[in-house]
Amino acid sequence: MMADAEKVSRLLKTARGQIDGILRMIEEDRYCMDISNQIQATSSILKKTQLEVMKAHMHSCVRESFETGSPEDRNKKIEEVLHLLEKAAP
Numbered sequence: 001m002m003a004d005a006e007k008v009s010r011l012l013k014t015a016r017g018q019i020d021g022i023l024r025m026i027e028e029d030r031y032c033m034d035i036s037n038q039i040q041a042t043s044s045i046l047k048k049t050q051l052e053v054m055k056a057h058m059h060s061c062v063r064e065s066f067e068t069g070s071p072e073d074r075n076k077k078i079e080e081v082l083h084l085l086e087k088a089a090p
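Per full-length UniProt numbering, the sequence shown starts with residue 1, numbered consecutively.
Please note that a few of the clues may not be correct.
[Unchecked claim] Within a straight-line C-alpha distance of at most 20 Å, the following computed EDC-like cross-link-like pairs (lysine to aspartate or glutamate) qualify: (1) Lys47 x Glu67; (2) Lys13 x Glu67; (3) Lys55 x Glu79; (4) Lys47 x Asp4; (5) Lys77 x Glu52; (6) Lys76 x Glu64; (7) Lys47 x Glu6; (8) Lys76 x Glu86; (9) Lys48 x Asp4; (10) Lys47 x Glu64; (11) Lys48 x Glu86; (12) Lys55 x Asp4; (13) Lys77 x Asp20; (14) Lys48 x Glu64; (15) Lys77 x Glu67; (16) Lys55 x Asp20; (17) Lys13 x Glu64; (18) Lys55 x Asp34; (19) Lys47 x Glu80; (20) Lys87 x Glu64; (21) Lys7 x Glu67; (22) Lys47 x Glu86; (23) Lys55 x Asp73.
It should be emphasised that the hints constitute simulated quantities derived from the structure, not laboratory data.
The whole structure should be built from the sequences, with the hints applied where relevant.
Rendered as structure tokens:
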């Protein structure tokens with residue numbers, strides 16, 4: 001993985017901590033809106049993490065494919081990115 005592993009790990013550990021906190025909130029029967037706010041915050045961190053990984057992919061793997069790869073390899077990289085964007089679309 002070409003992304004900043006330290007940054008990605010830090011973000012994922014933060015998300016994991018938030019998920020643990022959400023589980024505690026549920027066990028403590030906390031207010032629904034407070035739980036929902038924490039779920040949104042966790043989702044935002046995961047989206048930010050995904051963006052970091054995709055930026056690195058575009059700047060390394062995709063760039064390399066366009067500089068040295070075959071037309072088939074370039075098309076494969078494009079399709080991979082498009083497939084991920086399709087999954088992310090509402």
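The hints, checked one at a time:
1. This hinted pair does not check out: lysine 47 and glutamate 67 have alpha carbons roughly 29 Å apart, beyond 20 Å.
2. Distance restraint check for lysine 13 and glutamate 67: the Cα-Cα separation of roughly 35 Å exceeds the 20 Å cut-off, and the hinted pair is therefore not satisfied.
3. Taken as a hint, the lysine 55 and glutamate 79 pair is honoured in the structure, with Cα atoms around 16 Å apart against an allowance of 20 Å.
4. Between lysine 47 and aspartate 4, the direct Cα distance comes to roughly 15 Å. Compliance with the 20 Å bound is thereby established for this hinted pair.
5. Between lysine 77 and glutamate 52, the direct Cα distance comes to roughly 17 Å. Compliance with the 20 Å bound is thereby established for this hinted pair.
6. Note on lysine 76 and glutamate 64: the hinted pairing holds, with a Cα-Cα distance of about 13 Å set against a maximum of 20 Å.
7. Among the hinted pairs, lysine 47 with glutamate 6 is consistent with the structure: their alpha-carbon atoms are about 17 Å apart, no more than 20 Å.
8. With a CA separation close to 15 Å, the supplied pair lysine 76 and glutamate 86 stays within the 20 Å bound.
9. For the given pair, lysine 48 sits about 13 Å from aspartate 4 by alpha-carbon distance, which is consistent with the 20 Å threshold.
10. Between lysine 47 and glutamate 64, the direct Cα distance comes to roughly 25 Å. Violation of the 20 Å bound is thereby established for this hinted pair.
11. For the suggested pair lysine 48 and glutamate 86, the alpha carbons sit about 17 Å apart, so the restraint of at most 20 Å is met.
12. Distance restraint check for lysine 55 and aspartate 4: the Cα-Cα separation of roughly 10 Å lies within the 20 Å cut-off, and the hinted pair is therefore satisfied.
13. Simply put, lysine 77 and aspartate 20 have alpha-carbon atoms about 35 Å apart, too far for the 20 Å limit, and the pair is violated.
14. About 24 Å separates the Cα atoms of lysine 48 and glutamate 64, which puts this hinted pair outside 20 Å; it is violated.
15. Our distance criterion of 20 Å between C-alpha atoms is met by lysine 77 and glutamate 67, whose separation comes to about 12 Å.
16. With a C-alpha separation of about 28 Å, the suggested pairing of lysine 55 with aspartate 20 is violated against the 20 Å cut-off.
17. Taking the CA atoms of lysine 13 and glutamate 64, the gap is about 30 Å. The hint is violated against a cut of 20 Å.
18. Distance hint between lysine 55 and aspartate 34 is unfulfilled; the C-alpha atoms sit about 32 Å from each other, more than 20 Å.
19. This hinted pair checks out: lysine 47 and glutamate 80 have alpha carbons roughly 18 Å apart, not beyond 20 Å.
20. Between lysine 87 and glutamate 64, the direct Cα distance comes to roughly 24 Å. Violation of the 20 Å bound is thereby established for this hinted pair.
21. At roughly 27 Å between alpha-carbon atoms, lysine 7 and glutamate 67 are farther apart than 20 Å, so this suggested pair is violated.
22. With a CA separation close to 15 Å, the supplied pair lysine 47 and glutamate 86 stays within the 20 Å bound.
23. A threshold of 20 Å between alpha carbons decides the hint, and for lysine 55 with aspartate 73 the separation of about 19 Å falls inside it, so the pair holds.
Of the numbered hints stated above, those contradicted by the structure are hints 1, 2, 10, 13, 14, 16, 17, 18, 20 and 21, listed in ascending order.
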